[in-house]
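Each protein sequence line maps, in turn, to chains H and G. The opening residue of the first sequence carries number 1292 in the numbering used here; numbering runs sequentially from there. The opening residue of the second sequence carries number 3 in the numbering used here; numbering runs sequentially from there.
Don't read these hints as lab results, they were simulated from the structure. It is possible that some hints are incorrect.
[Said to hold, decoys possible] Simulated DEER-style distance windows between Cβ atoms:
no.: 1; chain 1: G; residue 1: Glu353; chain 2: H; residue 2: Asp1412; range: 19 to 29 Å
no.: 2; chain 1: G; residue 1: Leu404; chain 2: H; residue 2: Asn1303; range: 24 to 34 Å
no.: 3; chain 1: G; residue 1: Ser343; chain 2: H; residue 2: Asn1387; range: 32 to 42 Å
[Claimed, not checked] Within a straight-line C-alpha distance of at most 30 Å, the following computed DSS-like cross-link-like pairs (lysine-lysine) qualify:
no.: 4; chain 1: G; residue 1: Lys388; chain 2: H; residue 2: Lys1382
no.: 5; chain 1: G; residue 1: Lys417; chain 2: H; residue 2: Lys1359
no.: 6; chain 1: H; residue 1: Lys1359; chain 2: G; residue 2: Lys388
no.: 7; chain 1: H; residue 1: Lys1359; chain 2: G; residue 2: Lys389
no.: 8; chain 1: G; residue 1: Lys417; chain 2: G; residue 2: Lys396
no.: 9; chain 1: G; residue 1: Lys389; chain 2: H; residue 2: Lys1379
no.: 10; chain 1: G; residue 1: Lys388; chain 2: H; residue 2: Lys1293
no.: 11; chain 1: H; residue 1: Lys1304; chain 2: G; residue 2: Lys303
no.: 12; chain 1: H; residue 1: Lys1379; chain 2: G; residue 2: Lys388
no.: 13; chain 1: H; residue 1: Lys1304; chain 2: G; residue 2: Lys389
no.: 14; chain 1: G; residue 1: Lys72; chain 2: G; residue 2: Lys61
no.: 15; chain 1: G; residue 1: Lys395; chain 2: H; residue 2: Lys1359
no.: 16; chain 1: G; residue 1: Lys303; chain 2: G; residue 2: Lys282
no.: 17; chain 1: G; residue 1: Lys402; chain 2: G; residue 2: Lys67
no.: 18; chain 1: H; residue 1: Lys1420; chain 2: H; residue 2: Lys1359
no.: 19; chain 1: H; residue 1: Lys1382; chain 2: G; residue 2: Lys389
no.: 20; chain 1: H; residue 1: Lys1359; chain 2: G; residue 2: Lys396
no.: 21; chain 1: G; residue 1: Lys412; chain 2: H; residue 2: Lys1359
no.: 22; chain 1: G; residue 1: Lys417; chain 2: H; residue 2: Lys1318
no.: 23; chain 1: G; residue 1: Lys402; chain 2: H; residue 2: Lys1304
no.: 24; chain 1: H; residue 1: Lys1304; chain 2: G; residue 2: Lys417
no.: 25; chain 1: G; residue 1: Lys67; chain 2: G; residue 2: Lys324
Remember, predicted model here, so these are calculated numbers, not experimental data. No residue lacks a Cβ here, since even glycine has one placed at the ideal position from N, Cα and C.
One letter stands for each residue in the lines below.
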Amino acid sequence: MKVEQIAIFLENKSGRLAEITSILAQKGINIRAMSLADTADFGILRLIVNDTESACQALRDEGFTVGKTHVVVIEVPDQPGGLASVLKQIKDGGLNIEYMYAFTQRSGETGLIIFRFDETDIAIETLNKAGVRILSGEEVYAI
Amino acid sequence: MMWDEEHETMPREELEPLQLRRLQDQIARVYATVPYYRAKMDEAHVAPGDIKALADINKLPFTTKEDLRKNYPFGLFTVPLERIVRIHASSGTTGKPTVVGYTKRDIKLWANLMSRTLAAAGATSKDIIHNSYGYGLFTGGMGAHYGAENLGATVVPVSGGNSKRQITIMRDFQATVLLSTPSYALNLADTMADMGVSPSDLALRIGVFGAEPWSENMREEIEKKLSIKAIDIYGLSEIIGPGVAAECHERQSGLHIMEDHFLPEIVDPETFEPLALGEKGELVFTTLTKEAFPVIRYRTKDFSRLLTDPCICGRTFYRMEKVTGRSDDMLIIRGVNVFPSQIEHVLVSIEGVEPHYQIIVEREGNMDTMEVQVEVSEAVFSDEIKKLEALSKKIQYDIKDLLGVSCRIKLVEPKSIQRSEGKAQRVIDNRKM
Ligand SMILES: [Zn+2]
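So here's chain G without its partners, still in its complex pose:
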């Protein structure tokens, strides 16, 4: 089933003119209402009238997370707060969170995009949807919730945590669709095994997973352990939340981008020049229809490529290849954003500990593991094993407390952490996506 067949199957020769009209309107509106964007465009000597074709988008300046932070909290909103009906914010970042707002129309659009997403995954109004995405400032929970309700399905708004209870509810309510992060899905599968609950005790048939990168191996494992079809979805709060792109259940390869509302580009991560269709680079999005919080050429830092071959499902939207990595230091560990600077913050707040550390991320089985190697300074060194072990436990506890992510601490000798040109390499990510 398709939620919005008219748009989702629109011939490219109709879709592209629609994108251009929407882009022109969006740019004109942003220029008129957001001083920050106007100043950036003036500085780049580009005016709304210069956008005559879709390719002209590369005349426009990029927007980064830094721009969003500079305008914390509401500086990039195009409408007065009285027209904003919802606020969300990104979590787990250094410094200020990025805040996004939605008008009534934005919320409706978002719900429709999530309905498209769920329909593409194979869900219908007959499904019972168990929503384990976190509810709150994070866009996942409520974004998925509104889309599922809009689809007409029965939503069980469980949010995250308490896996045993989740499994009991899934079994008792006979939920047919699970929405969660992929790592949480595996956690649920393991908990089920511990509880002696088998997939046949549940009625699950589809899982819709997003909010963190995951591999094809992980998909296979989830599908096998939960006896479901696992669908990958993509979205980020700066663009709208979940609902930016979604796999179709017919193919499960590449995520159809909701191109009538979001214009994708792939740029070279070093030069930021646009790359040819099909080449791999950093994914950039421009919103075409959002009211309260449009973004222009937002650099996602996610690596992907656009797949343009026609899809068996009938959708004409290009597909983005499963995201395989991030272009900056931000780590996504089991769905949680982790920045090296946060680890640094923990270390320097422990007396005597110096911020000489390295983060090593691995994927063991299908779980991300993080090891933080900390150099032992004379100030914290002791001739007693138990004192060093206590130090290591304290660091571990404080990181868990701040970030919500467990990690392993390894104390290392000074200068054992690789330094290149005086700057330490903070992160070694050995995960193979």
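Just chain H, with the same shape it has in the complex:
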């Protein structure tokens, strides 16, 4: 139920994001989801791709600092209050969100939200019990 995410360290310099996407494009790697978190000095780019291993290798070869982490991808009914109810389950379950970002999907019937919890396994267990739909890695990579 865990999905692999790549995190890349970036200095706040122009053009770095474009460089990364072109490195991945050259290797035929598709980006499924992307989010950039930044401070005044640096940024962290988080990506979900169809081939994590090759992406990590390609970026490392180009001198980037890369890390892999696990995130949880949750399906949220695309209707008013859909996200609110998921967040309530998370809160009731006592789970701690480090960060989250939305996922664009072609079909548009459901929204996908990526959550980074401090304790991923416990989060999955809790959310499963609460009946929240969690996507598997295969499902996400294949989107």
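Start from chain H and add chain G with the ligand according to the hints.
Below, chain G with the ligand alone, put in the same frame as chain H:
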């Protein structure tokens, strides 16, 4: 007023023979009493008898900080410890500090040189001297203190720190002369402004500033903010401490070197060949009269030139131009010596951090700022902002803890730090002196 008019105005044709006699005596004594110097001279095939003119000094080997460290702590003393009455040591250096010793006569000489310095700055026995130089192993505090007492002035031995209290004391005691590092003087000026104390509430008229390089702009700012005349002085513990050279208040341009006790040379920083009078290079000093810890051709790593034109104050001593830079990696940040290797030490002691860093020094306004750029390795990288921010704070804290200097930390991508021929350029000093 001049403290020692006889020597300070001595005609050059008398001064130079005096320097030569003293140099010959000093070299003979050092050769006879310090095995390390004797070995170095033997190796260079030079004997005390070879020094027949002042120019012969270039036959003698140089002394560096490394020589001093090798002889830690007392190896270069010429007299037994029972004749040493005071020890000082340099702080903030890598590895061993350099230790210097003084006999009773050295202490007296030092006090007289500092009295000359203060008199040249315009101070007299009527002044109340607020001494903010640090007291302790550092030579600044006690060196200035003894000179001020010897001058007959009233000394307030405040030492460093607690700026608000310092200002209260200066105001209540109506101090007329301030002794401190130039950056601390500005700090005091800013604190005064915060406290709503104006220069007219104080009685300050002169500031005597040393221990770090400072610019003419900084002088202007200090003079304006504190409403004083700011005087530059020069000294380093290896030579004696403060009291090696001082500006006269009449001119405030170039520092008169106490040439009857210290013989200056300017050498090419690459070839170490002597340069012609007036050319700019590394400043080298030989002590002429010190007993316990004489140094021969000590390379200061400071850049300057000698100014030989006669001075309106009447002193015949050559002047050294305000020091504009250092020839090696040592950085002086707000009066504190900082070595890149110390930063490296901090970095490698944090788990996962690699010693890939660069130090960037700027002068913002009149304060030195130091930024340490650290490359982010995979071992310390996290997908969470807060973890990287915590890392950055830890590095900052540890540097402050070790060096006593605040700095800014910037996390950078690997390999973003310039490397030339495999060796990283550790320091970029953008300060314009
Ligand atoms: Zn003068």
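Evaluated hints:
Between glutamate 353 of chain G and aspartate 1412 of chain H the beta carbon distance is about 25 Å. The supplied range of 19 to 29 Å therefore holds. One distance hint, 24 to 34 Å for the beta-carbon pair leucine 404 of chain G and asparagine 1303 of chain H, holds here, with the actual separation near 28 Å. Restraint check, serine 343 of chain G to asparagine 1387 of chain H: a C-beta distance of roughly 41 Å satisfies the suggested window 32 to 42 Å. Only pairs whose Cα atoms come within 30 Å are accepted, and lysine 388 of chain G paired with lysine 1382 of chain H is accepted, the gap being roughly 21 Å.
In summary, the hint linking lysine 417 of chain G to lysine 1359 of chain H is supported, as the alpha carbons are separated by about 21 Å, within the 30 Å threshold. Restraint check: the Cα-Cα separation between lysine 1359 of chain H and lysine 388 of chain G comes to about 17 Å, which is no more than 30 Å; the hinted pair holds. For the hint pairing lysine 1359 of chain H with lysine 389 of chain G, the CA-to-CA distance comes to about 15 Å; that is within 30 Å, so the pair holds. Note on lysine 417 of chain G and lysine 396 of chain G: the hinted pairing holds, with a Cα-Cα distance of about 22 Å set against a maximum of 30 Å.
A distance of roughly 26 Å separates the Cα atoms of lysine 389 of chain G and lysine 1379 of chain H; the hinted pair therefore holds under the 30 Å criterion. With a CA separation close to 22 Å, the supplied pair lysine 388 of chain G and lysine 1293 of chain H stays within the 30 Å bound. Taking the CA atoms of lysine 1304 of chain H and lysine 303 of chain G, the gap is near 37 Å; set against the 30 Å cutoff, the hint is violated. A distance of roughly 24 Å separates the Cα atoms of lysine 1379 of chain H and lysine 388 of chain G; the hinted pair therefore holds under the 30 Å criterion.
Restraint check for lysine 1304 of chain H and lysine 389 of chain G: the C-alpha separation of about 21 Å stays at or below 30 Å, so the hint holds. The hinted pair formed by lysine 72 of chain G and lysine 61 of chain G meets the criterion: a straight-line CA distance of about 22 Å does not exceed 30 Å. Of the supplied pair hints, the one linking lysine 395 of chain G and lysine 1359 of chain H holds, its CA atoms being roughly 24 Å apart against a limit of 30 Å. For a cut-off of 30 Å, the pair hint linking lysine 303 of chain G to lysine 282 of chain G stands: about 12 Å separates their Cα positions.
This hinted pair checks out: lysine 402 of chain G and lysine 67 of chain G have alpha carbons roughly 25 Å apart, not beyond 30 Å. Between the alpha carbons of lysine 1420 of chain H and lysine 1359 of chain H the distance comes to roughly 27 Å, so the proposed pair stays at or under 30 Å and holds. At roughly 23 Å between alpha-carbon atoms, lysine 1382 of chain H and lysine 389 of chain G fall within 30 Å of each other, so this suggested pair holds. Between lysine 1359 of chain H and lysine 396 of chain G, the direct Cα distance comes to roughly 24 Å. Compliance with the 30 Å bound is thereby established for this hinted pair.
For the proposed pair lysine 412 of chain G and lysine 1359 of chain H, the alpha carbon gap of about 23 Å is at most 30 Å, so the pair holds. Proposed proximity of lysine 417 of chain G and lysine 1318 of chain H is supported: the alpha carbons are some 23 Å apart, at most 30 Å. Restraint check: the Cα-Cα separation between lysine 402 of chain G and lysine 1304 of chain H comes to about 28 Å, which is no more than 30 Å; the hinted pair holds. A threshold of 30 Å between alpha carbons decides the hint, and for lysine 1304 of chain H with lysine 417 of chain G the separation of about 14 Å falls inside it, so the pair holds.
A threshold of 30 Å between alpha carbons decides the hint, and for lysine 67 of chain G with lysine 324 of chain G the separation of about 22 Å falls inside it, so the pair holds.
Hint 11 from the list above is the single one not met by this structure.
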